[in-house]
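Visitor: Produce the complete structure using the sequences and hints provided.
Number of protein chains: 2
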Amino acid sequence: MSGTFVGIDVGGTNVKIGLFDAELKLLSKTSVTTDADMGPQVVIDKMARTVETLLTEAGLSLKDIVAVGIGTPGPAKYSEGIIIRSTNMPKFKNVPICRMLNEKLGAPIVFDNDANVACWGEYAVGAGKGVKDIVFFTLGTGIGGGIVSNGELVHGCDENGAELGHTIIYPDGRLCNCGQRGCAEAYASADSTARRATEALEAGAESSLSKVLDEKGRITSKDVYEHLASGDKLAKEITDGTAKALAITCINMLHATEPKRIVFAGGMIAAGEVLLDGIRRFFNEHVWTIKTESIEICFATLGEDAGIIGAAALAQYVKRRERGPR
Amino acid sequence: MSGTFVGIDVGGTNVKIGLFDAELKLLSKTSVTTDADMGPQVVIDKMARTVETLLTEAGLSLKDIVAVGIGTPGPAKYSEGIIIRSTNMPKFKNVPICRMLNEKLGAPIVFDNDANVACWGEYAVGAGKGVKDIVFFTLGTGIGGGIVSNGELVHGCDENGAELGHTIIYPDGRLCNCGQRGCAEAYASADSTARRATEALEAGAESSLSKVLDEKGRITSKDVYEHLASGDKLAKEITDGTAKALAITCINMLHATEPKRIVFAGGMIAAGEVLLDGIRRFFNEHVWTIKTESIEICFATLGEDAGIIGAAALAQYVKRRERGPR
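Protein sequence lines correspond, in order, to chains A and B. Sequential numbering from 1 applies to the first sequence in the numbering used here. Sequential numbering from 1 applies to the second sequence in the numbering used here.
Hints in this document: simulated from the structure, not taken from any laboratory. Treat the hints with caution; some may be incorrect.
Given that identical chains are not distinguished, each listed pair holds provided it fits within a single copy or across any two copies.
[Unchecked claim] Straight-line Cα separation of at most 20 Å, DMTMM-like style, residue types lysine to aspartate or glutamate; simulated pairs:
id	residue 1	residue 2
1	260	152
2	132	152
3	129	305
4	132	158
5	216	226
6	260	80
7	222	21
8	216	206
9	25	64
10	132	80
11	260	158
12	216	191
13	129	158
14	260	206
15	132	226
16	211	237
17	104	45
18	260	285
19	260	159
20	236	191
Guide: This is how it looks when you write it as structure tokens:
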């Protein structure tokens with residue numbers, strides 16, 4: 001199968017766009033401001049113009065596009081191609097993004113949420129390559145999730161599945177932004193890791209982090225992992241809490257869709273091997289003893305391009321399966 | 001598609017066998033003792049003879065069989081047709097049950113674990129009919145699980161997926177038979193429900209159940225639900241614990257594979273609506289508030305025939321998909 005695939009990663013601030021060849025090799029990419037406050041038509045026109053510019057620069061034209069993949073934050077009716085609403089793009093309400101983009105570009109549009117798209121990218125060409133079952137977590141402000149089971153993304157009955165940050169690990173535990181108590185996200189996202197450290201300091205815990213809080217007025221998860229490296233006891237406690245919460249979530253997914261590989265992405269993986277080591281340690285401590293598991297826990301490899309690569313890869317997959325656009 | 005399907009449900013004590021027509025209508029069924037201590041060849045010969053007897057009685061012969069479905073407890077390599085070992089059938093070690101049965105019956109054999117088979121039965125013709133995504137729990141000695149996602153059973157990378165009784169709901173909680181702490185099974189199986197009541201009585205709790213313990217020497221989950229009905233306070237506490245553990249597990253599966261319907265089966269569902277009401281109450285109390293969920297929580301409808309119906313239905317499905325035997 002020859003031809004060009006386009007991957008679009010829509011964020012509240014920037015839209016990233018990449019052109020890929022039939023082997024998913026990146027031909028060129030760019031990033032433009034989203035200008036979400038200008039409303040959907042302006043944003044989508046700009047996306048389409050940017051795609052055309054990239055094509056022209058590459059000596060290609062609209063007719064070379066086989067399919068376009070696009071990822072946005074939810075909630076959306078992905079299979080119907082409609083963004084229901086968006087926290088970061090308040091003017092986007094019930095926007096038929098697939099139809100609008102198709103009118104401009106002509107090619108079929110494949111649409112999914114940003115976490116699923118990044119998950120698919122890792123599955124197709126990144127850290128999940130070579131296996132049929134993966135589970136994917138992004139550790140950022142919240143915790144996003146994705147599941148590939150037997151080579152297919154799990155969407156769920158209303159396309160709200162794989163919200164793995166909202167699986168509960170401590171019933172009646174910390175309040176999560178979603179309204180539940182005890183979600184993994186309430187403990188182990190980058191924001192929750194920083195917040196738990198801040199709360200401990202405010203409650204009087206001794207730590208080298210108090211100087212950071214005093215000077216900067218806030219603490220980030222990056223600060224916590226830096227102070228862990230320099231031997232701070234509170235940082236150890238807090239990051240152990242993060243690792244344990246993620247490990248329990250991994251065990252629960254092992255007993256649900258049984259991934260061969262669990263892939264962590266997102267800003268907090270900058271913490272490095274110490275994060276993975278912690279997750280593996282608590283995983284081994286809490287997982288069942290009746291059989292040895294050969295599950296692999298690792299970092300994503302696609303970095304910041306995961307969104308555009310995943311979108312293009314998903315477009316290619318759906319096209320190959322000849323399902324047509326979702 | 002015309003022709004006959006056979007469903008076989010292998011338990012440690014009895015083997016149930018059913019003949020079904022192409023619409024999965026039960027033509028006839030029987031139950032024979034497993035005689036597991038006679039070893040695999042004897043057991044499989046007996047299964048085959050029993051199938052032949054049922055066929056003859058129905059005016060049919062081996063050539064009328066389109067496919068045979070069989071469910072056994074794990075662990076097994078289902079896709080390779082091999083029982084690795086069995087707690088209830090100690091002489092069954094690395095038994096190529098599909099090949100051995102195929103040699104006797106000629107027809108293709110479709111093999112899966114007993115919980116997956118029962119789950120598929122409910123999905124195909126029982127409580128899960130009409131939707132594409134279900135989660136299934138059997139509440140017995142342990143808690144078995146099954147997942148149908150987008151119309152397909154979830155097996156996982158090593159065919160050990162959907163062990164939902166071993167998802168952890170209370171990290172560092174009660175010790176489970178599997179070696180983990182805090183599994184759903186350690187709280188909410190029929191056995192664990194009875195055990196928690198017994199432990200409370202032994203610790204001095206006041207309850208009308210103490211008379212049962214004194215007289216019978218043991219308590220069952222049936223006793224606990226009977227005493228709940230007559231207003232016993234301890235029985236309320238214990239059954240609330242069961243319902244809450246199951247509700248948290250349901251919420252976690254909502255955020256994983258997002259079933260439209262969650263189906264409960266197994267001996268403990270004899271407790272009736274009070275069990276479902278409890279699960280729904282804790283589900284609604286603990287589930288997120290950012291959107292309204294339309295998940296249905298209900299009982300299985302196939303009863304004791306779930307194993308043979310599910311096996312026949314799975315055989316039909318696999319045959320229809322022309323994947324050949326698994």
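Visitor: Against this structure, judge whether each hint is valid.
Guide: Each hint tested on the structure:
Both within a single protomer and between protomers do residue 260 and residue 152 lie at most 20 Å apart by alpha-carbon distance, with minima of 14 Å and 18 Å respectively. Proximity of residue 132 to residue 152 under the C-alpha cut-off of 20 Å is found in both arrangements, the shortest distances being 8 Å within a copy and 15 Å between copies. Taking the shortest alpha-carbon separations for residue 129 and residue 305, only the intra-copy value of 16 Å comes in at or below 20 Å, while the best inter-copy value is 41 Å. Taking the shortest Cα distances, residue 132 and residue 158 sit within 20 Å of each other only across copies (11 Å), while inside one copy they are farther apart (23 Å).
With identical chains, the CA atoms of residue 216 and residue 226 are at most 20 Å apart within one copy only, with a shortest distance of 15 Å there and 61 Å across copies. Taking the shortest alpha-carbon separations for residue 260 and residue 80, only the inter-copy value of 19 Å comes in at or below 20 Å, while the best intra-copy value is 31 Å. Taking the shortest Cα distances, residue 222 and residue 21 never come within 20 Å of each other, neither inside one copy (36 Å) nor across copies (63 Å). Taking the shortest alpha-carbon separations for residue 216 and residue 206, only the intra-copy value of 17 Å comes in at or below 20 Å, while the best inter-copy value is 56 Å.
For a Cα distance limit of 20 Å, the shortest separation of residue 25 from residue 64 inside one copy, 15 Å, qualifies, whereas the shortest one across copies, 53 Å, does not. For the homomeric pair residue 132 and residue 80, the shortest alpha-carbon distance between copies (17 Å) is at most 20 Å, but the shortest distance inside one copy (26 Å) is not. Proximity of residue 260 and residue 158 under a CA criterion of 20 Å is satisfied inter-copy only: 8 Å between copies versus 26 Å inside one chain copy. Taking the shortest alpha-carbon separations for residue 216 and residue 191, only the intra-copy value of 16 Å comes in at or below 20 Å, while the best inter-copy value is 54 Å.
Taking identical chains as interchangeable, the C-alpha atoms of residue 129 and residue 158 lie at most 20 Å apart only when they sit on different chains, with a minimum of 17 Å there against 27 Å within one chain. In this assembly of identical chains, residue 260 and residue 206 lie within 20 Å of each other by CA distance neither inside one copy nor across copies; the values are 41 Å within and 48 Å between. Taking the shortest alpha-carbon separations for residue 132 and residue 226, neither the intra-copy value of 36 Å nor the inter-copy value of 47 Å comes in at or below 20 Å. Taking the shortest Cα distances, residue 211 and residue 237 sit within 20 Å of each other inside one copy (18 Å), while across copies they are farther apart (47 Å).
Proximity of residue 104 and residue 45 under a CA criterion of 20 Å is satisfied intra-copy only: 8 Å inside one chain copy versus 66 Å between copies. Only within a single protomer do residue 260 and residue 285 lie at most 20 Å apart by alpha-carbon distance; the minimum there is 19 Å, versus 34 Å between protomers. For the identical chains of this complex, residue 260 and residue 159 are inter-copy neighbours only, at 11 Å across copies versus 23 Å inside a copy, given an alpha-carbon limit of 20 Å. Proximity of residue 236 and residue 191 under a CA criterion of 20 Å is satisfied intra-copy only: 16 Å inside one chain copy versus 39 Å between copies.
Comparing the model with each numbered hint stated earlier shows that hints 7, 14 and 15 do not hold.
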